[in-house]
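Asks: If you want the building blocks of each chain, they are given just below.
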Amino acid sequence: DQQVKQNSPSLSVQEGRISILNCDYTNSMFDYFLWYKKYPAEGPTFLISISSIKDKNEDGRFTVFLNKSAKHLSLHIVPSQPGDSAVYFCAASARNTNAGKSTFGDGTTLTVKP
Amino acid sequence: DVKVTQSSRYLVKRTGEKVFLECVQDMDHENMFWYRQDPGLGLRLIYFSYDVKMKEKGDIPEGYSVSREKKERFSLILESASTNQTSMYLCASSPGQNYGYTFGSGTRLTVV
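Residue numbers (this note's numbering), protein chains in the order written: chain F, 592 to 705; chain Z, 164 to 275.
With the rest of the complex left out, here is chain Z (with noise of 0.2 angstroms):
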């Protein structure tokens, strides 16, 4: 069975903390993207990358960067973490154009 495993459910971080997202793949896919889920907002693209090292910006980049060194594991970092940050972070991965996304379970981040 297919998986995108987010490294935790649930995590509290206080403002100003440097805050690292994980998320493992094990389908050998060359894309993995990262989402944020909002209410009535949607899910907005932050970040993606499409080979190992490679990462480009999505609509909602401002205070995040990625970093993916091996093809398995794309890592989203919060460089200063703040309130409006407070979100439901999704990770996905795709092995190529015209493929619909696996998800992870998602990481609910809440930043006081």
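Looking at chain F on its own, in the form it has when it is part of the complex (with noise of 0.2 angstroms):
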């Protein structure tokens, strides 16, 4: 049972533009939620989180929303630059873990097309 899904394998979008990647997510015990983004050959590199208490957190273009009635959870990117060209994750995580160990989606591929 996968408890992350990013439903989206690919998408493209203009520079400029509004790019949205959604992911959501089964388990209700889940209370903090993460962005990762990965280069090809390279590790993910943490973006932004928000935890269940919030329903939105911004950083600079990087805006996260939280439904959690939905169990559905947002990245926005404006503007989209092609910099911004790679595969994001999304995680979850939930208090009563050691660790605070986090559950993966299988990733989105965003490609900003200039």
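The reader is advised that the hints may include incorrect statements.
As the list claims (entries may be wrong) - Sample of chain F residues facing chain Z (criterion: CB under 8 angstroms; computed from the structure): (1) 620; (2) 623; (3) 653; (4) 698.
In case anyone wonders, no lab produced these hints; they're calculated from the structure. Where is the CB? At the ideal position from N, CA and C, for every residue including glycine.
Two independent chains are provided; combine them into the complex using the hints.
Replies: This is the structure in structure tokens:
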């Protein structure tokens, strides 16, 4: 049973437009959510996170929205830039786990066209 | 600049060999993790450790073991390598709950 799902394997947007990446989860114990970006031949890099007590968190061009009732979160990138082209992973962790271990989705490959 | 260093970027091993993947972090983090990344399967947790000599199984521990004798070092051991363990292996660390991970660059392991 996959507890974190990213249903879109890929997304293509034009430079300057908004990129919206989506993520759904099934485990109601998850209370902390994260997004990572991964370039080829590199490890993932932490991007932004949100606690379940919030519904929005913003950091520059990146905003994460959390809808707890729908068990859905999304990452908005505005404006999108060619350097944002990467694989984006959604991850979630639960407070009752040792080390705050995270469960990851399969990833969405974002391509931003100049 | 904080770092997680994985000892090898690429490894080729033979079926049945015992394989050691080493990971070192310089951030004094409590928690360390081993994931593997496979196409279409995302990142799957193999093992993790929340203190020296403390370890816990992740979602896919079969065929693997780990060692954490010192806080900064977390080793992944493939007891008898098999072709289905060909994968990208990623080590990560974090200072505690509700923190993002810092990942290493990964080790691409091929078992032939």
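Asks: All the hints need checking, so say for each whether the structure fits it.
Replies: Status of each hint after checking the structure:
Interface hint at residue 620(F): violated, since its Cβ lies 13 angstroms from the closest Cβ of chain Z, which is beyond the 8 angstroms cut-off. The interface hint given for residue 623(F) is met, as the beta carbon of that residue sits about 5 angstroms from the closest beta carbon of chain Z, less than 8 angstroms. This hint is violated: residue 653(F) has a C-beta 13 angstroms from the nearest C-beta of chain Z, more than the 8 angstroms allowed. Of the supplied interface hints, the one on residue 698(F) holds, with its beta-carbon coming within about 6 angstroms of a beta-carbon of chain Z, less than 8 angstroms.
Consistency note: the structure conflicts with the earlier hints numbered 1, 3.
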